[in-house]
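A.B. asks: Going down the list, the sequences are from chains L and R. Residue 190 is where the first sequence starts when you use the numbering used here, and the numbers rise one by one after that. Residue -2 is where the second sequence starts when you use the numbering used here, and the numbers rise one by one after that.
Bear in mind the hints are in silico, worked out from the structure with no lab data behind them. Please read all numbers here as calculations on a predicted model, not as lab measurements. Treat each hint with caution, since some may be false.
[Unchecked claim] Simulated crosslink set (DSBU-like; lysine-lysine; CA at most 35 angstroms straight-line):
no.: 1; chain 1: L; residue 1: K231; chain 2: R; residue 2: K67
no.: 2; chain 1: L; residue 1: K261; chain 2: R; residue 2: K7
no.: 3; chain 1: L; residue 1: K261; chain 2: R; residue 2: K197
no.: 4; chain 1: R; residue 1: K113; chain 2: L; residue 2: K336
no.: 5; chain 1: R; residue 1: K184; chain 2: L; residue 2: K381
no.: 6; chain 1: L; residue 1: K332; chain 2: R; residue 2: K7
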Amino acid sequence: MNRHKHQLAVIEPSQIIFAGIMEAFRNAETATQLTGIDGLDKFIRLTDENNPFDMVIVNPAVLPNRIKEIRKIKRTYPKLVFVGISANLVDNELLSLYDEMFSIYDNIEHITQRCQKLMQEYSSDKQDDDNENLSEREVEVLKLLIKGMANKEIAELLGISFHTVASHRKNISIKTGIRSQSGLTIYAISKKIVSLEDFD
Amino acid sequence: MQYTQNIKIKREMKMLGLIEENQFLLLTLQHFGIDFAVGDKSVSQICSENGISEDLFLIVANLYNGYNPKETLSFSPEEIRQIITFLKNSHDYYRYDKYPEISSYIRQLQENHTGKTFLLLEKFFNEYFNEVMDHFTYEDKVAFPYFLELIDEDKDNSPSPYSAHEYLDHHTDIEIALGDLKSLLLKHINVNGDLAVRRKLLFSLFELEFDLHVHSLIEENILIPVGYNIEKSIE
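This is chain L alone, in the form it adopts within the complex:
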């Protein structure tokens, strides 16, 4: 396991909410290095491969019109976790950029613990090099996906939430660069994750 301090960036235009987030993470005694960042442009400048952030908490209000740039960052840094804490309803396109969205009414402990867990999951070292760094769980989801199962069915079968399945699915596509089910099937066969006979 990776024991380094997780790097957490916070982009929040409201001073009072910003102060609240910083305070919450300081009090949570998580192994987290907090950096408050003034705007998305500065975040983009500060992010580089040698010194990547593990997570960014970014207010969805600063993202409209910047969606393309966010997608690019996400492609470049697939391990970067995008988290939002929002006071408003967020439209679906914006929401799809986020790995997790909290409400400002969520319990503080819930938010900090969940963030901590997400950072651990995303930066964990239990990766299999032959599978483009797909985690064991992602391979499991992939196998079910290419059998034609819907997210909901997969969630029920594995006993995880619909949202978690969706986020695994998104990660599979980010890591492999493949979005369609047929494409993923060919991927899985050529990587010997499944064999052709499984489809007969």
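Dock chain R against chain L, hints included.
C.D. replies: Leaving out everything else, chain R in the frame of chain L:
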């Protein structure tokens, strides 16, 4: 896909220099029905010789060079006819040119290598492409005649069974499929040798992807707004 931005095309520029800078402009010429032997002629000269609207040509050629029009555009009925001919010609290029070309490369790979991977790849490509073909045929047979009818001034305003709102875009499907094919070829499938065929296949995929991208931009930025505006003016 990396879209590099080239210079912004102006009417007095020489076509030859522009092609040398961005070879994809050959596709612009072809879809407009303009011959490649452009000699020493300027954009203006070429347009007037071929009966193509200069303004329209500049907008489309600049899309190929990476410039999206910022202002709202308006077009004459003749220009709309020219846009539709351009889009129809693009459909023919996808149907009769790119599709057989890409298929034949995948077929060659399949013949040269044992294992089922390329067989699956071919099936995958065919499935998506046939779906997209159906959509192109629908545009040729239903959507384009509707737009032509809209701009026809003599027509009675009887309610049409169709509307620009229904002009849905299926191109994303093929864009996803092309992206997947590229990822499979560049990241995942291990084959020995056959670099020449694989390179030709990839070049072909990149070319198709680029042209489809501009195709969608033309529909979204030109054709659909034109349809909305005319429908609004009729209401």
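A.B. asks: Work down the list of hints and note, for each, if the structure agrees.
C.D. replies: Each hint, compared with the structure:
For the hint pairing K231 of chain L with K67 of chain R, the CA-to-CA distance comes to about 27 angstroms; that is within 35 angstroms, so the pair holds. Restraint check: the Cα-Cα separation between K261 of chain L and K7 of chain R comes to about 31 angstroms, which is no more than 35 angstroms; the hinted pair holds. With a CA separation close to 28 angstroms, the supplied pair K261 of chain L and K197 of chain R stays within the 35 angstroms bound. Of the supplied pair hints, the one linking K113 of chain R and K336 of chain L holds, its CA atoms being roughly 18 angstroms apart against a limit of 35 angstroms.
For a cut-off of 35 angstroms, the pair hint linking K184 of chain R to K381 of chain L stands: about 15 angstroms separates their Cα positions. About 53 angstroms separates the Cα atoms of K332 of chain L and K7 of chain R, which puts this hinted pair outside 35 angstroms; it is violated.
Hint check: a violation occurs at hint 6 only; the rest are consistent with the structure.
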